[in-house]
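Protein chains in written order, with our numbering: chain A, 1 to 287; chain B, 1 to 590.
Treat the hints as calculated values from the structure; they're not laboratory data. Just so you know, not all the hints are guaranteed correct.
Cross-link-like lysine-lysine pairs, in silico, PhoX-like; alpha carbons within 20 Å at most [to be verified]: (1) Lys112(B) x Lys39(B); (2) Lys39(B) x Lys40(A); (3) Lys110(B) x Lys35(A); (4) Lys57(A) x Lys145(A); (5) Lys35(A) x Lys384(B); (6) Lys39(B) x Lys57(A); (7) Lys335(B) x Lys384(B); (8) Lys273(B) x Lys384(B); (9) Lys35(A) x Lys39(B); (10) Lys284(A) x Lys145(A); (11) Lys410(B) x Lys89(A); (12) Lys40(A) x Lys273(B); (13) Lys40(A) x Lys110(B); (14) Lys410(B) x Lys39(B); (15) Lys104(B) x Lys40(A); (16) Lys266(A) x Lys234(A); (17) Lys207(A) x Lys139(A); (18) Lys82(A) x Lys410(B).
Residues on chain B that point at chain A, a partial pick, calculated with CB under 7 Å [unchecked claim]: (19) Ile28; (20) Asp32; (21) Lys39; (22) Tyr50; (23) Leu69; (24) Ser103; (25) Lys104; (26) Val357; (27) Val399; (28) Val400; (29) Pro408; (30) Gln578.
Positions of the beta carbon are idealized from the N, C-alpha and C atoms, including for glycine.
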Amino acid sequence: MKKIMSITLVLLLVLVGCENQTLEQQTPIFESVCKDNPIKESCYTPSYDLEFVDTDKEEYLIEETFETEFLNQMPSNWLIYKNEEYSSKSVWAKVIEKDDNKILQMYSDGINAPMYPQGVAKPSTFVLSSKFNLDKSRKGEITGKIMIPEVEGNEVSFGVSTGAVNTASIIINQQMRLLVKIGGPFFYHSGNNDSGDTIDTGLTLNKGVFHQFTITWDAMLNQITVIYNNQSLKLYEGSFHISSRYNASETGDIYVPNVVRVTMPKGFDYHGFAFLDDVIVSHKEAK
Amino acid sequence: MKKLSLCLLILLSAICSFQSIYANDSDIIYQDSDYNRLKAVMQHVDNVLYYGHGYNQETLLLPDAINTLTGEPARWVFPNRASVPYADLANQQNFFRTLVALSKVTNESKYKEDAIDMLSYFMENYQDSNGLFYWGGHRTINLDNLEVQSTEGPNGPHELKNMMPFYELMLEADEERTTRFMKQLWTAHFEWATSDLNRHGSYSTAFDGNVFGQLIPDDVIKMDEMGYPIIPNDSPGKLPFVNAATDLAYAAFALSHQTGDPVPKQWAEYLMKQYHLASNPDTGMTVYQFKSTLVTKSLEDCSNPAYTNSGCGDRVARQFRDFGSIARESNVAWKNTQAVYVDNVLMLLEAAQKYGVSYFVDWARDYLEGYLEYAYIRIDGQNKIIPMFIDGTVTYGYVVPEVGYFGPSKMRIDYVDLPSTYLLPIFRTIVQTEKIEDRAKLWGYLRDIMHTFGLGDIGDVDGLSPKLELDTAIDDPFALMTMVELYEFTKNSVYLDAARTIADNIVTKRFHRGFFVESEIMLYSRLDQPDTLALLTLDAVLRGISLTDMPFYLADSGYIHGYLLADDGVTEDRSYTQNVIYTKTIYDWE
């Protein structure tokens, strides 16, 4: 009995111990012929024929009269900036109708601002924007109308930017004084207080009426013009600010604007309304 | 005779059993499926070299990442739309390791020669006269005009955080320039009089040939009467982050090893000791920095909580003041933990193994055991970290009252993912721990964590009884490297089987459009990604090449940080390549 048990036990051990090997023997595994010749032509040929998509981008413009937008809603092609610190009603823009004309009503409470740029003298709470592309032409023109209401009007700026950096804009402050701002802020150069150049036009505008402005730019000529159309008055004619240039250096390439931007500043006293209408971006030669 | 037969049969059985578990390297058959993975790595590398060099043929530099839809370099876009294709060699170290590894497994020298050519060219053309290279967190090379580009203002500083360059290869390429850099790294970042470590180094600091000539001072960290470390708050805006210290120490160790001069190594040990002394003696958890910053900014500036400049003092003390004195940047154990417990630990272990600082293994074990004991938790089948300070004070559920450096107001502190990057430091600590009984605790955590990742049961510390998930869907390079190293440690071929499955998954799920990407939809292929190096470590083992002969994975922490155009295209931001660029999918590209 002992013998039988011993033999059974030993056979069992042998069978268990060799089970895996037996199975492996049933499925032969061959060594790869490329193991020792991994870059031999029969094993591997590099092929540099990847198909990539075209990087060429088409130009596009803006023609925004708000007439096709839904009432009491944010217009579809516009973006309003908010972060976690903003309350739900701190900034808003909605299409309203006035005298059979659809216009954009804008509000800012002036409480918060984007985290960057830091240290800027007058950051913006309200940042409304829409994009266009005139990168091939490198010149263009924008017109737009701005109104500050009689009651609860706020300081507002309207203009064009290269990305986040102002190229040229007009500012109507709380005293209805009309200013022009060229360039900045660009706090990549945070140490040098590069906030752009602000020019006082000496004009004071009226509340409750739309004021039309036109900004033209031509990077080949290094020229920007800002015009107050209500009086066909040239407010500024000059070169691009350094903040529009590569590395913000005198010899850097000019980066042309691609953003329409309307802002209202951050500050205890800067809460209120402004109105926007008829924002048209066009090729400069079309006029 | 009967007894002899019985003994022989038992012996035969034992041999069969042993062979079924433990494989000799010579028993491993390199199959076509193994070669297919190598082929994918070669295709990726050849495409990176071909399309990367094709962008600007006047330079040997490669871009940090390639857009897999266009074949063009990734670009850093400044707030004013200036769009810069960048080459930052501090962020390409895993690619250089991949090239050397590829030469090793293919026995084809051209890959390593390419790596040496690129590094030599870079060092010859982009080393400042003071010895620092133009690379790191805030400096890069513009591939359009080959000029040095700063992302942090016009004169951005030198910054390395856990980039741990491939010094062996750099020394081979150009010993003089490499050693000059290693010395200047200390001159530019370390202040000998105060032991202040600044993560930012100036390119204006003159080269000091006698850089390690000072006497090593007393420890910065003193203990209070209760035996707890006193964290000084006298650092004027110089934040001694451990990830910067790791790079300083690593350079000093490599320098001593190269020159035979023991002094740089002694300074490295002194520097790392300050972090060790600042660790919590009760929990074992260690710190992100051993000093807090001095308040240098005005009250007016600092009254705005959104102004997070470190000149307003300790940023955790500002935002988490409810927690009292433990609320310091040094003591946070839920953010930057990769730097503290992964990259830092890997460097300590490398220093122990290569440069003979064996007590670093004990430190590494203390840190990891403490951290995992207090902070590791499994929730809903996932590996998580309980947010806490290093004394064990839990911050889970806390709602931040106002905006600050750590996030917006009303942010609720939640559990944090424990990523697979933790596997390697835990496992390597176990391997380098001498006493077997000291390995058990960490092995237990490793076993739990790997099981939770879906890798199965790695078994007991002897490697005898694993029940691995051989059909796992995991496609993780850190899991792969851990499995390969588990095989090297135990010689149990089951780990190798699991490694092959993971490696197959990596190729299937991450090799797309001719490049390795994080997943099929991700747009960019980073040169610093660890996938290819992980695949080559497996390939090496399958060929019988020892891992000690292969380039060692240390980190993939390369980044660029600075001012850029936010994703909305209309606001300025300050962020990292990892957050803004490498998160883009093929659907984000326009």
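Okay, the hints, checked on the actual structure:
1. The straight-line distance between the Cα atoms of Lys112(B) and Lys39(B) is roughly 17 Å, inside the 20 Å bound, and the hint therefore holds.
2. Restraint check for Lys39(B) and Lys40(A): satisfied, since their Cα atoms lie roughly 11 Å apart, inside the 20 Å limit.
3. About 18 Å separates the Cα atoms of Lys110(B) and Lys35(A), which keeps this hinted pair within 20 Å; it holds.
4. At roughly 29 Å between alpha-carbon atoms, Lys57(A) and Lys145(A) are farther apart than 20 Å, so this suggested pair is violated.
5. A C-alpha spacing of about 41 Å is found between Lys35(A) and Lys384(B), which places the hinted pair above 20 Å, so the restraint is violated.
6. With a C-alpha separation of about 35 Å, the suggested pair Lys39(B) and Lys57(A) falls outside the 20 Å cut-off, and the hint is violated.
7. The suggested pairing of Lys335(B) with Lys384(B) holds, with an alpha-carbon distance near 13 Å, which does not exceed 20 Å.
8. Under the criterion of a C-alpha separation no larger than 20 Å, the hint pairing Lys273(B) with Lys384(B) is inconsistent with the structure, at around 29 Å.
9. For a cut-off of 20 Å, the pair hint linking Lys35(A) to Lys39(B) stands: about 11 Å separates their Cα positions.
10. Of the supplied pair hints, the one linking Lys284(A) and Lys145(A) holds, its CA atoms being roughly 18 Å apart against a limit of 20 Å.
11. Only pairs whose Cα atoms come within 20 Å are accepted, and Lys410(B) paired with Lys89(A) is accepted, the gap being roughly 17 Å.
12. About 51 Å separates the Cα atoms of Lys40(A) and Lys273(B), which puts this hinted pair outside 20 Å; it is violated.
13. The straight-line distance between the Cα atoms of Lys40(A) and Lys110(B) is roughly 14 Å, inside the 20 Å bound, and the hint therefore holds.
14. Restraint check: the Cα-Cα separation between Lys410(B) and Lys39(B) comes to about 50 Å, which exceeds 20 Å; the hinted pair is violated.
15. Proposed proximity of Lys104(B) and Lys40(A) is supported: the alpha carbons are some 16 Å apart, at most 20 Å.
16. Annotation: proposed proximity of Lys266(A) to Lys234(A) is violated, straight-line Cα distance about 29 Å (limit 20 Å).
17. For the hint pairing Lys207(A) with Lys139(A), the CA-to-CA distance comes to about 32 Å; that exceeds 20 Å, so the pair is violated.
18. Taken as a hint, the Lys82(A) and Lys410(B) pair is honoured in the structure, with Cα atoms around 16 Å apart against an allowance of 20 Å.
19. Using the Cβ-Cβ criterion of 7 Å, the hint placing Ile28(B) at the interface with chain A is not satisfied: the shortest such distance is roughly 10 Å.
20. This hint holds: Asp32(B) has a C-beta 5 Å from the nearest C-beta of chain A, less than the 7 Å allowed.
21. For Lys39(B), the suggested interface contact is upheld, since its CB lies about 6 Å from the closest CB of chain A, less than 7 Å.
22. At a threshold of 7 Å, the smallest CB-CB gap from Tyr50(B) to chain A is about 5 Å, leaving the interface hint in force.
23. Among the interface hints, the one on Leu69(B) holds; its C-beta lies about 5 Å from the nearest C-beta in chain A, closer than the 7 Å criterion.
24. Interface hint at Ser103(B): violated, since its Cβ lies 11 Å from the closest Cβ of chain A, which is beyond the 7 Å cut-off.
25. At its closest, the beta carbon of Lys104(B) sits 11 Å from a beta carbon of chain A; the interface hint therefore is violated under the 7 Å criterion.
26. Against a cut-off of 7 Å between C-beta atoms, the interface hint on Val357(B) is violated, since the closest Cβ of chain A lies about 38 Å away.
27. A distance limit of 7 Å between C-beta atoms decides the matter here; for Val399(B) the minimum to chain A is near 13 Å, and the interface restraint is violated.
28. Below 7 Å, beta-carbon pairs count as interface contacts, and Val400(B) has none with chain A, the closest being about 10 Å; its hint is therefore violated.
29. Satisfaction of the interface hint for Pro408(B) is found here, the shortest Cβ-Cβ separation to chain A being roughly 3 Å, below the 7 Å cut-off.
30. Using the Cβ-Cβ criterion of 7 Å, the hint placing Gln578(B) at the interface with chain A is not satisfied: the shortest such distance is roughly 18 Å.
The structure fails to meet hints 4, 5, 6, 8, 12, 14, 16, 17, 19, 24, 25, 26, 27, 28 and 30 from the earlier list, while all remaining hints are met.
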